[in-house]
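Participant: Use the sequences and the hints to build the structure in full.
So the sequences go chain by chain: A and B.
Residue numbering for the first sequence follows the numbering used here, beginning at 7 and increasing consecutively.
Residue numbering for the second sequence follows the numbering used here, beginning at 421 and increasing consecutively.
Incorrect hints may have been included.
Simulated pairs of lysine-lysine, DSS-like, Cα-Cα distance not exceeding 30 Å [as the list claims (entries may be wrong)]: (1) A:LYS94 - A:LYS32; (2) A:LYS166 - B:LYS560; (3) B:LYS490 - B:LYS431; (4) A:LYS35 - B:LYS560; (5) A:LYS246 - B:LYS603; (6) B:LYS564 - B:LYS552; (7) B:LYS657 - B:LYS736; (8) B:LYS690 - A:LYS246; (9) B:LYS603 - B:LYS564; (10) A:LYS164 - B:LYS506; (11) A:LYS94 - B:LYS690; (12) A:LYS94 - B:LYS560; (13) A:LYS32 - A:LYS246; (14) B:LYS447 - B:LYS560; (15) B:LYS657 - A:LYS166; (16) A:LYS246 - B:LYS687; (17) A:LYS164 - B:LYS657; (18) B:LYS542 - B:LYS490; (19) B:LYS603 - A:LYS166; (20) B:LYS679 - A:LYS164; (21) A:LYS32 - B:LYS564; (22) B:LYS440 - B:LYS551; (23) A:LYS35 - B:LYS679; (24) B:LYS708 - B:LYS679; (25) B:LYS736 - B:LYS431.
For each label pair, taking beta carbons as the anchor points, the in silico distance ranges come out as [what the hints assert, rightly or not]: (26) B:LYS736 - A:LEU115: 22 to 30 Å; (27) A:ALA237 - B:GLN680: 40 to 48 Å; (28) A:GLY50 - B:LYS552: 53 to 61 Å; (29) A:GLY50 - B:VAL751: 40 to 48 Å; (30) B:PHE678 - A:ARG241: 18 to 26 Å; (31) B:ASN598 - A:SER213: 44 to 52 Å.
Here chain A is said to cover these stretches of chain B; the calculated rule only asks that three of the stretch's residues, wherever they fall, bring their Cβ under 8 Å from a Cβ of chain A [claimed, not checked]: (32) 586-595; (33) 613-627; (34) 688-697; (35) 704-715.
None of these hints come from the bench; they were simulated from the model.
Source: prediction; values computed, not measured.
Note that the Cβ used here is the ideal one computed from N, Cα and C, for glycine as well.
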Amino acid sequence: MGAITFDISLAFYFFAMLFAVLDLSKSTKTFPKLMLISAFIGFGFQTVYIFYEGFSLGHVPFVNPHEATSFFAWCIFLLFFILEYRYKVGLLGAFITPMAFLLMFVSFLLPSELKPLSPVLRSQWLGVHTVFAFLANAAFAMAAGVGFMYLVQEHYVKSKRLGGLFSRLPSLHVLDEINYRLVTVGFPLFTVAIISGSIWADNAWGSYISWDPRQIWALVTWLIFGIVLHARLQRGWRGKRAAALSILGFLTIIGAFAGLALLQKGQHVFL
Amino acid sequence: MKVLVAGLNHKSADVEVREKLAFTGEKLEQGLGALLALPHVREAMIISTCNRVEIYMGVEDPGEATRQVKHFISDFHSIPEGLLDKALYFHTDSAAVRHIFRVASSLDSMVVGEPQILGQVKESFHLALDKKATGVLMNKLMKKAISVAKRVRTETGVAENAVSISFAAVELARKIFNDLVDKSVLLLGAGEMAELAARHLMNNGVKEIVVANRTLERGCELAQDFKGRAVPFSSFKEEMVHSDIVLCSTGAPNYVVFKQDLHNIMKERKQRPVFLIDISVPRNIDPKINGLENVYLYDVDDLQGVVDSNRHERNKEAQKAEDIIGSEVEVFERWVASLQSIPTVVALRQRAQGISEAELERLFNRLSLDEKQQGAVRQMAQAIVNKLIHSPTAALKEDVEDRDQLIAMIRKLYDLNGD
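Facilitator: Below, the structure written as structure tokens:
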């Protein structure tokens with residue numbers, strides 16, 4: 007049952023992406039609706055999948071790369087629904103659903119069997135650390151997506167060629183605002199993830215930090231988004247710079263994810 | 421009954437003529453009353469805005485009604501008929517229907533796609549409705565015009581593209597700031613176009629308008645007009661720190677605002693975005709400024725470019741709108757035509773019913789039938805009537821080309837013309 011619910015949600019996410027891309031090519035009222043409905047159904051099935059896995063394992067179900075990327079996509083869709091509800095941003099789906107679908111597809115390709123979790127890692131900190139880390143990463147992913155939308159729209163306004171998606175993309179102000187909100191939400195979540203992770207590490211191995219590559223990358227990411235926030239508040243780094251920096255931050259996350267998952271080294275063997 | 425429209429708009433008449441013929445306030449009500457008193461006019465409605473004065477009517481004889489209405493307009497506004505000839509246009513039947521559909525859809529507006537006209541049509545219709553000046557024909561026509569306008573708005577992009585420079589400026593400002601309510605506008609110099617654009621921004625709800633003009637007096641006048649404030653021209657750089665939108669038209673022969681100035685200003689603004697519109701020719705703002713972050717500079721040519729591309733887009737959309745209107749006019753014409761046969765259908769039924777009633781009465785007088793028997797005979801007579809008039813009625817309601825001929829024939833065959 008687990009695998010089937012995953013496959014169904016993958017299929018619906020695919021449809022959501024398809025409708026989102028069709029929405030780009032032609033403005034109608036139907037495509038955004040179909041996109042949201044498909045995404046919602048996919049989300050429902052994935053939620054069932056995650057709970058099912060969780061119950062059968064007896065711990066949080068994101069401890070191998072397959073589950074982790076799947077949960078990452080789930081968090082992105084969760085935030086996507088919240089943003090759609092809160093801001094009703096035109097074309098947001100076209101920039102977010104491909105990213106989330108890609109994660110789901112990677113997850114689909116990765117082996118789903120589980121190595122038994124070593125007893126040192128069995129702790130309630132596992133849940134806290136991973137849930138916060140993924141919610142934060144999802145917020146950063148969205149910030150990057152919205153940042154990309156900002157760069158596209160800003161290009162239209164600066165170059166004075168107002169064709170294409172100009173009239174359908176939201177205003178620069180709204181895109182900048184959402185990008186800022188997402189970073190301000192993501193940053194504290196990420197901070198909690200790092201703190202809970204080091205407490206967990208202390209419990210398991212007796213030291214808060216062991217300088218393994220994953221931990222270093224996490225600190226680098228934390229620093230980048232710290233700079234995004236600080237520079238905005240102190241020096242007015244808004245708009246283009248904020249958008250570009252949040253894309254850079256997200257690429258760091260993805261790079262760390264991909265690189266370390268492939269290397270399978272260090273204490274974050276499962277990620 | 422036929423649809424007739426008599427009117428003038430921004431294309432057919434200058435504002436001096438339009439304002440003389442406007443039906444404002446009480447005149448509108450009086451006008452409606454006087455129109456309905458004309459022998460050929462059955463229904464009437466008046467649309468009177470700053471760009472058009474139009475009288476829509478349901479009339480029996482369009483030729484005669486046209487003559488009467490012209491006379492009425494000249495009488496009512498005390499203008500010799502000769503002066504009206506150039507300004508007035510008349511449309512009947514499908515041309516009239518097409519006209520009101522185009523007006524309501526804002527295809528006939530000065531700024532095509534502007535949204536106010538639909539509201540004005542609705543308002544005029546409701547007023548005529550209140551005064552009981554409309555009937556079956558006008559009610560259906562106006563309701564249809566409103567629904568066609570809504571269809572055009574949702575199915576085409578006619579309303580989406582701004583086609584004047586001030587419109588384009590506001591549209592751009594919205595794409596930068598989203599909401600203009602908390603934005604300040606600085607008017608640098610007091611050129612006519614800048615004034616127009618500022619007025620447009622004010623209508624879109626900006627927080628305040630500050631005027632910096634070389635002659636403070638003129639600046640004060642303008643500021644009063646905008647309920648804003650005037651500052652000396654020399655202090656415009658300090659003012660720009662608080663201004664989100666700058667409209668520039670000083671008439672100076674060279675640059676007034678340089679890149680370094682704005683660089684400093686942006687620092688003080690903590691990089692909050694600025695939208696600069698340089699309407700002056702020659703330009704007053706160094707175009708290099710557009711290279712600064714969070715600064716968006718548009719000169720007249722840039723805005724004209726936006727307008728042109730919008731116009732191109734809009735023309736494509738307008739064609740779509742005309743197609744929609746064409747098919748809707750056909751539907752409406754069919755309904756009007758079916759309306760024509762209604763009196764004949766009614767007369768036919770009355771005639772048959774009358775014969776049947778008379779014959780039944782004679783029969784009941786001769787025979788003494790009890791109530792049950794009478795009922796049965798009555799039922800039989802009714803069935804014969806129904807079956808006999810069924811096919812001519814159906815033929816009348818059918819959508820045929822020579823409906824007039826058919827109506828005449830049926831009236832003759834069933835002797836419906838005598839009173």
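Participant: Confirm or reject each hint.
Facilitator: Right, here's what the structure says about each hint:
Of the pairs offered as hints, the one joining LYS94 of chain A and LYS32 of chain A holds, with about 18 Å between alpha carbons and a cut-off of 30 Å not exceeded. Distance restraint check for LYS166 of chain A and LYS560 of chain B: the Cα-Cα separation of roughly 46 Å exceeds the 30 Å cut-off, and the hinted pair is therefore not satisfied. Between the alpha carbons of LYS490 of chain B and LYS431 of chain B the distance comes to roughly 19 Å, so the proposed pair stays at or under 30 Å and holds. Proposed proximity of LYS35 of chain A and LYS560 of chain B is supported: the alpha carbons are some 29 Å apart, at most 30 Å.
This hinted pair checks out: LYS246 of chain A and LYS603 of chain B have alpha carbons roughly 21 Å apart, not beyond 30 Å. Restraint check for LYS564 of chain B and LYS552 of chain B: the C-alpha separation of about 19 Å stays at or below 30 Å, so the hint holds. Between LYS657 of chain B and LYS736 of chain B the CA atoms are separated by roughly 43 Å; this puts the pair beyond 30 Å, and the hint is violated. Note on LYS690 of chain B and LYS246 of chain A: the hinted pairing holds, with a Cα-Cα distance of about 14 Å set against a maximum of 30 Å.
Distance check on the hinted pair: LYS603 of chain B and LYS564 of chain B sit about 40 Å apart at the alpha-carbon level, beyond 30 Å; violated. As the CA atoms of LYS164 of chain A and LYS506 of chain B are separated by approximately 48 Å, the hinted pair breaks the 30 Å bound. Restraint check for LYS94 of chain A and LYS690 of chain B: the C-alpha separation of about 28 Å stays at or below 30 Å, so the hint holds. A threshold of 30 Å between alpha carbons decides the hint, and for LYS94 of chain A with LYS560 of chain B the separation of about 37 Å lies outside it, so the pair is violated.
In summary, the hint linking LYS32 of chain A to LYS246 of chain A is supported, as the alpha carbons are separated by about 27 Å, within the 30 Å threshold. Using a Cα cut-off of 30 Å, the hinted pair LYS447 of chain B and LYS560 of chain B holds, with the two alpha carbons roughly 25 Å apart. Between the alpha carbons of LYS657 of chain B and LYS166 of chain A the distance comes to roughly 25 Å, so the proposed pair stays at or under 30 Å and holds. Note on LYS246 of chain A and LYS687 of chain B: the hinted pairing holds, with a Cα-Cα distance of about 15 Å set against a maximum of 30 Å.
Only pairs whose Cα atoms come within 30 Å are accepted, and LYS164 of chain A paired with LYS657 of chain B is accepted, the gap being roughly 23 Å. At roughly 25 Å between alpha-carbon atoms, LYS542 of chain B and LYS490 of chain B fall within 30 Å of each other, so this suggested pair holds. Of the supplied pair hints, the one linking LYS603 of chain B and LYS166 of chain A holds, its CA atoms being roughly 22 Å apart against a limit of 30 Å. Between LYS679 of chain B and LYS164 of chain A the CA atoms are separated by roughly 16 Å; this keeps the pair inside 30 Å, and the hint holds.
Distance check on the hinted pair: LYS32 of chain A and LYS564 of chain B sit about 28 Å apart at the alpha-carbon level, within 30 Å; holds. As the CA atoms of LYS440 of chain B and LYS551 of chain B are separated by approximately 24 Å, the hinted pair is consistent with the 30 Å bound. Straight-line distance between C-alpha atoms of LYS35 of chain A and LYS679 of chain B comes to about 44 Å, which puts the hinted pair past the 30 Å bound. Restraint check for LYS708 of chain B and LYS679 of chain B: the C-alpha separation of about 6 Å stays at or below 30 Å, so the hint holds.
For the hint linking LYS736 of chain B to LYS431 of chain B, the alpha-carbon distance of about 22 Å falls within 30 Å, and the restraint holds. Taken as a hint, the range 22 to 30 Å is violated for the pair LYS736 of chain B and LEU115 of chain A, whose Cβ atoms sit roughly 45 Å apart. Between ALA237 of chain A and GLN680 of chain B the C-beta distance comes to about 23 Å, which lies outside the given range of 40 to 48 Å. For GLY50 of chain A paired with LYS552 of chain B, a C-beta distance near 57 Å keeps the hint of 53 to 61 Å intact.
Roughly 44 Å separates the CB atoms of GLY50 of chain A and VAL751 of chain B, a value that falls within the hinted 40 to 48 Å. A hinted range of 18 to 26 Å holds for the C-beta pair PHE678 of chain B and ARG241 of chain A, which are about 23 Å apart. Range check, ASN598 of chain B to SER213 of chain A: about 49 Å between beta-carbon atoms, so the 44 to 52 Å window is met. Counting residues of the segment 586-595 of chain B whose CB lies closer than 8 Å to any CB of chain A gives 3, which reaches the minimum of 3, so the coverage claim holds.
Evaluation of the coverage hint for the segment 613-627 of chain B: breached, as 0 residues show C-beta separations to chain A shorter than 8 Å, against a requirement of three. Coverage of the segment 688-697 of chain B by chain A holds. Counting CB-CB distances below 8 Å, 5 residues qualify, and the rule asks for three or more. Counting residues of the segment 704-715 of chain B whose beta carbon lies closer than 8 Å to any beta carbon of chain A gives 3, which reaches the threshold of three, so the coverage claim holds.
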